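Build out the structure end to end from the sequences listed, making use of the hints.
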Amino acid sequence: MKLNVKIKRYNPEVDDAPHWETYEAPADPLDSALALLLHVKWYEDGTLTFRKSCAHGICGSDAMQINGENKLACSVLVQDLVSGDGDTITFAPLPGSPVIKDLVIDQSRFFEKYRSVKPWMINDGPAPERERLQSPEDFDMIEDSTKCIMCGACTHSCPSTWADPEYLGPAAMLKAYRYNMDTRDDGSDERLEVVDSSEGLWKCYTIFNCVQSCPKDIDITRWLSALKRQAVTSQL
Amino acid sequence: MALETAERPKAATDSNRFQWYKVRTGMFAWMLHRLTGVALVVYLILHVWELRALTDPDAFNALITKYHAPIYKIGEFLLLGAVVYHALNGLRIVLIDFLGWSPNQKRLFWTLGAVAVILMVVGGYPIIHTVVTHFFG
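Chains as they are written, first to last, in this note's numbering: chain A, 1 to 236; chain B, 1001 to 1137.
None of the hints are false.
Only pairs whose alpha carbons sit at most 30 Å apart, straight line, appear in this in silico DSBU-like list of lysine-lysine:
1) A:K52 to B:K1022
2) B:K1022 to A:K147
3) B:K1022 to A:K6
4) A:K2 to B:K1022
5) B:K1022 to A:K101
6) A:K203 to B:K1106
Note that these hints are calculated values from the structure, not bench results.
Just so we're clear, the structure is a prediction, and the values are computed from it rather than from any experiment.
Written as C-alpha cells, this is what we have:
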C-alpha cells in the first residue's frame, strides 16, 4: 500500500521554526515505522535526519513521537498505525527536549538526570571470593525494571517533565528503583536523597503516559509507587 | 577520535508545558482530576466569601432565595459531580500508590467512573427534578 509520511522537519541553519512535510512511501503492513523513514531518507530526501542504530528494539535510539504518541520506530508495525491505503503516519521528535535537527533531540539533560540517581551498584562491603549472589526471588522484584533500554520515550511523554524540565522523570527514577530494590546493593539512602525531593518522586501524578509509551511494556508507575513507599517507610 | 560536542545547542531550561499528545485513560483521569481540583478551590473561595452574609439574617435569606434559581441548581449539580469525581479518583490514586494497584488502573478508572455516575444520578436527582420542573412544568 501507499502511505503519506508526514514528518516534522527542522534544520536550525535554515529554518526559524519546525514545519511539517509530507512524503509518499510504499509500505507493507508488516513493515516497521522505521522502514518508512528509511525509504524517505534513501529515495525522497537525503537530508532527513533521525537516530537509529540496531533497528531491533535493543539500542533504544529511534524513540520518537509517532501518530501523537511516543514509540520506538523500529518496534511498531505499520499495520498498527494505519487502517488502509493512503493513510497518513506522522513523525515528530520526542516532545519536551530541544531539537537539534529534524527528529533528533538533545538528550544531554535526559542523561544528566540518569547519572544523578547513581545508576550503578553501591556496596562497600568486602568483595566475596566469587560473585555477589542473588536468588531468583530477589531478581523477580527488579526483573521488569531491568528491561529498560534508555530510549527516553517515557520521560518525554510525561506532562510533569514537560512542565518542569528539572523533574527527574520516569526513566531516571526507574533506574533508582532498579538499584534500590537490588538485594546486592547498599546505596538506597544515597539514591533516596535524590529521588525523595520536590524534583523527584512527588511530581509523579500517576498519569501513566510513561507506561503507555514504554516499548518494553515496563509498568513504570508501579515501580515508582513502590519507590514512593520505600521513601516514606525509610523515614519511620 | 573523540568528537567535540561543545558546539551543540545547550539544553533549554524553559518548560514546554503544553504538548499535543494522545490522551489515554490515565492522562484523561489526571486532567479531569486537575480540572475538578482547581474548580473546587475556586468554589471554596467563593463559598467562604458568600458566608460573610451569616452575620446578617436578612442578607442570608436573600442569598438563599437567589440560590433557588435554576442556574445555581445546575451549578450545584456540577459541584456534586466535581466532588464525587475528585474524591473517587483520589481513592484510585491512593490505591495505586499505597497498594500498588497500578496494573489495574484502567479497570479502576472505569469502575469508579461508574460509581461516580450512580452517585451523581442518585444525589443529583432532587436537583435535576427541580430544574426540569422549572423549565418543562
